[in-house]
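With the hints in hand, could you dock these two chains into one complex?
Those protein sequences? They're chains G and V, same order as listed. Here the first sequence stands for residues 1 to 362, where the numbers follow our numbering. Here the second sequence stands for residues 1 to 388, where the numbers follow our numbering.
Honestly, the hints are just simulated from the structure, not real lab data.
Pairwise CB distance ranges (calculated):
id, chain 1, residue 1, chain 2, residue 2, range
1, V, Leu159, G, Leu138, 53 to 61 Å
2, V, Glu302, G, Arg162, 39 to 47 Å
3, V, Pro163, G, Thr26, 37 to 45 Å
4, G, Ile43, V, Glu214, 57 to 65 Å
5, V, Gly187, G, Gly264, 42 to 50 Å
6, G, Gly264, V, Glu343, 19 to 27 Å
All residues carry an ideal CB built from backbone N, CA and C; glycine is no exception.
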Amino acid sequence: MSRAYTRINADARSPVATTPGNGRATQITLEHGAGGRAMRELIAQRFVPALAGPAIDGIGLSALDDGAALRLGERWLVVTTDSHVIHPIFFPGGDIGRLAVAGTVNDLAMMGAVRPLALTCAVIIEEGFALADLDRVLRSLAETCREVNVPVVTGDTKVMGRGEIDGIVLNTTGLGLTDRVVTDGGLQRGDRILVSGTIGDHGLAVLSAREDLGLEGELRSDVAPINELIAAAIEAGGVDLVAMKDPTRGGVAASLHEMAGKSGVGVVIEQACLPVSQAVLGAAELLGIDPLVVANEGKAVLAVRAHAADRVVEAMRSLPLGREAAVIGTVVGDHVGQIVLDTGFGRRLLPEPVGEPLPRIC
Amino acid sequence: MTVGGESTMIEFRDAGRGHALAQALRRAVDESGRERITVMHVCGSHEQAIARYGLRDLFPERLEVIMGPGCPVCITDTDEVDEAVALARQGVRVLTYGDMLRVPGSVMSLADAKREGADVGVVYSVAEAAAQAVASDAPVVFFATGFETTAVATAAVLLGEPPAGFQVLSAHKYIPPVMEIVAEMPGSRVEGFLAAGHAATITGWGIFDDFVAEHGRPVAVAGFEPLDILAALCRLVEMIARAEPRTINVYPRCVTREGNRCAQQTLWRVFRATGGLWRGIAHVPNGNLRLRGTYARYDAREHFDTSAASSPSTAAARALAGRCRCGDIMSGIATPADCALFERECTPEAPVGACMVSSEGTCRIWQQYGVRSGNGDAAVLGVCPRIP
Numbered sequence: 001m002s003r004a005y006t007r008i009n010a011d012a013r014s015p016v017a018t019t020p021g022n023g024r025a026t027q028i029t030l031e032h033g034a035g036g037r038a039m040r041e042l043i044a045q046r047f048v049p050a051l052a053g054p055a056i057d058g059i060g061l062s063a064l065d066d067g068a069a070l071r072l073g074e075r076w077l078v079v080t081t082d083s084h085v086i087h088p089i090f091f092p093g094g095d096i097g098r099l100a101v102a103g104t105v106n107d108l109a110m111m112g113a114v115r116p117l118a119l120t121c122a123v124i125i126e127e128g129f130a131l132a133d134l135d136r137v138l139r140s141l142a143e144t145c146r147e148v149n150v151p152v153v154t155g156d157t158k159v160m161g162r163g164e165i166d167g168i169v170l171n172t173t174g175l176g177l178t179d180r181v182v183t184d185g186g187l188q189r190g191d192r193i194l195v196s197g198t199i200g201d202h203g204l205a206v207l208s209a210r211e212d213l214g215l216e217g218e219l220r221s222d223v224a225p226i227n228e229l230i231a232a233a234i235e236a237g238g239v240d241l242v243a244m245k246d247p248t249r250g251g252v253a254a255s256l257h258e259m260a261g262k263s264g265v266g267v268v269i270e271q272a273c274l275p276v277s278q279a280v281l282g283a284a285e286l287l288g289i290d291p292l293v294v295a296n297e298g299k300a301v302l303a304v305r306a307h308a309a310d311r312v313v314e315a316m317r318s319l320p321l322g323r324e325a326a327v328i329g330t331v332v333g334d335h336v337g338q339i340v341l342d343t344g345f346g347r348r349l350l351p352e353p354v355g356e357p358l359p360r361i362c
Numbered sequence: 001m002t003v004g005g006e007s008t009m010i011e012f013r014d015a016g017r018g019h020a021l022a023q024a025l026r027r028a029v030d031e032s033g034r035e036r037i038t039v040m041h042v043c044g045s046h047e048q049a050i051a052r053y054g055l056r057d058l059f060p061e062r063l064e065v066i067m068g069p070g071c072p073v074c075i076t077d078t079d080e081v082d083e084a085v086a087l088a089r090q091g092v093r094v095l096t097y098g099d100m101l102r103v104p105g106s107v108m109s110l111a112d113a114k115r116e117g118a119d120v121g122v123v124y125s126v127a128e129a130a131a132q133a134v135a136s137d138a139p140v141v142f143f144a145t146g147f148e149t150t151a152v153a154t155a156a157v158l159l160g161e162p163p164a165g166f167q168v169l170s171a172h173k174y175i176p177p178v179m180e181i182v183a184e185m186p187g188s189r190v191e192g193f194l195a196a197g198h199a200a201t202i203t204g205w206g207i208f209d210d211f212v213a214e215h216g217r218p219v220a221v222a223g224f225e226p227l228d229i230l231a232a233l234c235r236l237v238e239m240i241a242r243a244e245p246r247t248i249n250v251y252p253r254c255v256t257r258e259g260n261r262c263a264q265q266t267l268w269r270v271f272r273a274t275g276g277l278w279r280g281i282a283h284v285p286n287g288n289l290r291l292r293g294t295y296a297r298y299d300a301r302e303h304f305d306t307s308a309a310s311s312p313s314t315a316a317a318r319a320l321a322g323r324c325r326c327g328d329i330m331s332g333i334a335t336p337a338d339c340a341l342f343e344r345e346c347t348p349e350a351p352v353g354a355c356m357v358s359s360e361g362t363c364r365i366w367q368q369y370g371v372r373s374g375n376g377d378a379a380v381l382g383v384c385p386r387i388p
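With the rest of the complex left out, here is chain V (with noise of 0.2 Å):
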């Protein structure tokens, strides 16, 4: 109940109109013949949304919707945590966005680094890291994570030219490639993606038109209300079971095909792509976006020495991280269920993996949204009473 006049978010959120396409996709699956049908989401967003709305109550059962590589926190390598780790005691001022505070290195996160007396702040915006820098006299340095969406806003105060003290550690990351990655796979059951709805309003969709071609696999862009993840995945169905493999823009109110012009070329001036591993997943090749040579005055690696101190990580330490599945929860091939330090010796207070750090983590998520096993929610949860 709404207090106060009428909501502008109702739309997409109508659960009626949701029901009505949780069958639809339901006759979708039951046409298609199929025993079971997996579909990957690569968006951190998204899978917020699903256990938000407790949208796996509705799907089919035949349906597997599994979470991918899509937090731009928790696939930030170790040795990227390091180098920014490495800079902060080293004294220089390491600003970044709060997700990355706590996000483990080999040895310490930005956190500990903090407590230790060495000079971290969090800001919301890059644009909120260079001001700082107009403010200080000593060098400050941003440490840059997430995909081409927070890319781009990297690259647009890069070309604004703040003072050479503003200097980047870039550990942003392109998303396209790792789809190539996660498809190609061994033993991977992904039949198609729903692509992030915010990407592809900077990308546009066309950009998954050769993934299509080449791998065989529909991919469809996808917004982040519920509606919009039920409708994508009714398209996704369909073309699975008729083996049309295509792109499909499901969220036409934000994204075109071209997308935003302007920001991939504001991407394109200031970034370019280089392989690079994404933690827990693999290297991808052209997954990791750098600073151009032109932008070598910004780049904090060219400045500083970034090379991670070797102090070994305690023995307990280790053999917790050791049986951490974040990297297989990642890549689709397990849930947080399947990890047993998931909510025991992994928690958000005490996290042992990226995944139970961020927001957008899928560990993080259920324990957030009190999710307990993938499809089996309903399960779980029986049915409940209606208030009368």
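Chain G on its own, in the form it takes in the complex (with noise of 0.2 Å):
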């Protein structure tokens, strides 16, 4: 069983640049890529030394948040950019298209813009792409882009020849304002962590489908816009809501890392209180993998003061993509930038995933 896993990790596709006892990667690995911490130290490290600017007034690069937020009178203009590419383009649960609009609308929701004003869409196609693949890739885009009520309004196209690129790389960029900037740091001792829903359902569904593991039936990606669901977390948390965060790559684990990174404190997790699908836990037994550290593409963390953990939890509850939402830890003064799982046995530490075990998912 952990064999599969390994599979994943030392499959063909995933070319770690290293060899034994020489150290350091000299090339981009796809562990680079895969949302932890290799990935956010080359983006530390080299993206934002190499882009630094003019200071700005609000939150920048150098934040490594969710997105941008620039202050525009009395009110914040949040920008966000995310390229998608996901093996295979369909999968159970959705395809490419919605990925695309979910997960830009997501990051905007995330700071607290959760009713988007506009989004674009860049493409770059492989030569050799079926035109219908394309149709259903944008039927599927708009379709959810109705669901959000927001229009895309300007885009790119580029055509790569075969081999050159895999299938279709969307990119989305999406604009939207909001009174309050919610970021993901500020935690405070005493605070509680929520997910808004079941953890490692995209994940999961996406490696199933990819690998054949022939266990399809009941997995499915959880990807959907949950700006709707936010906005009720906001209302009913106001100021109480402190910090929010979509688990995407790297999975609820490394966005808790990050939280508690920021914030300068530690996090508990209780391990009974974390919601699970069966079909999820059953294929994350089978292959070895541990839900935590798996993509999820319409859940959100969230940080809120312990007073109104109830009432935000409620507010999410009372919709339909927040029914299984969850307090599942608190956060605490000592392990700092650590996360501690409370396992029923006993506590270990949870490791901030350095690469993911499945490559290329989201």
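Listed below in structure tokens is the structure:
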């Protein structure tokens, strides 16, 4: 069982550019794009210094948040951009078109901009890509935009030669306004940690479809725009809703590490409180993968002041996409930058995912 | 919280019962009046369960549970990896389990050979490898690793008479003999063994009786859920305290005294036990499983030159490898926390030793589950507030 897990790690498409004993990587590896520590370090050590520009009034690149926030008078303009690559492009529960809209809309929502103004859409397509597949992706993209009531206002199209790109890459940029920016830091001792629903659904559904594991039956991606759910959480929590993050690549574990690290606190998670679907639990067990490190595409991790936690959970549970919302942990003053998992038997640290067990799932 | 139905795995993961067993374990250790009791497990899956559930948090301070040579990938010898690399570099298609790809040989790993252009593939099972041979005109070599559990699968495929183009490079190992080595190691503190439930499903628990009689150390056959492990530790400590060494089967829902006769016959029809090196441990008499002469037509060593190219590794790599403590860790002499390379120079992305490569390697398990120190976890983590 664990063998299946490492097979994925060691798969031919995972060209780790290190050899035993020679230390650091000299090339980009898939781990640099997996949402964990390797990616965070790549951005912090290379992109941020290289792209340092004039100071802005608001939240910029160096904050490494879900997006940027620029002051516009009394309000904030939130901007975020995301490129979407996924294999297979059609998977149980969704496709790359729905993913491209949901991913960007959710990034805006995580910063408080729950009513997106507009999206852009740039697409790079491989020569030979079936037009029928393109139409199917665009239909799905348009349908998801209608769910959110957001227009695509401009775009770009490029085609690359056969083998120069894998099928199709979609980039979307989102714009939204908010009165209050919610960051992914600011956690204080005593705050409660919430998730908006079951974890691990997207990553395991995609993995199962891609590796043809025959588990697809009940596994479905959770890919969905959750801006309305977040709007309800913000309304219920007000200023007591301290921080939010969407646990995509690297899963809930990576999000918690970022939130704890930026806030200079520790977090204790109670395993028994984690909402996990039966299908995900079974697949994760079979593959030896922890649902905590698996990507989600329709979920949020929230930090809320203790006295408001129940209120926010109830508000989310009143909506279909938040039915399984739950309090999963508590912010503590010690174990700074660490996540402690209480398994019910004992406690252990939950490490920050380095790369992902599942390359290229979003 | 499980959503959408009850979990079938709950029974042996019940935390309440776990705490009751932990209390019984503490009582057993206290009543023994012993300063310290040391037991060893010989299975990566046991270490995985212990780390994953944070069980060391529950172990009494005076009980030391150390890790033995229980990772099939980690004990695959450098020479065996070199043989597979030599085959791959000759242009032969080599298939193996995913864990093996990045295990360093003396010069390179199979993953390195693949990057050089060699034809190396990953399979989930030996049956999948044989199926590839059916579909191929060129020979396909399966680099067969693992203990008796996977060796039986290899044997079953060969009994099914696959095409002659299917060749096996056997690096299979047999667990019972290495327990003797560990028990006889000078200065060994090990007073009892947790035996692996899945291997015992095949061999039967009766196989340990001779070992117990000869070495005076009790054996408890254990499954892989937290309650299995806690219950087996209780029985083991009781036997040690009373100085009544026996074999006890704490995994009766899967293991019988005789084991799986059919699997045993399959295994020994195809394989013979012979002495050989286990990486980092020692030469283990009868520790290697090799194809019998009657199956020579499937033996890659009979058909190809598997002697390794001897280009020297770099001085820097040698210096790092020289500081690697995988051997000590697999012998139960050290923990990953004792190794200066652990999580510094040696990480899953850039492993120095095999224990950091395999998902069953102790170092990889400790890294994956955030374990920092053997029995000190409770002290490290302190008391955390529970959600009210």
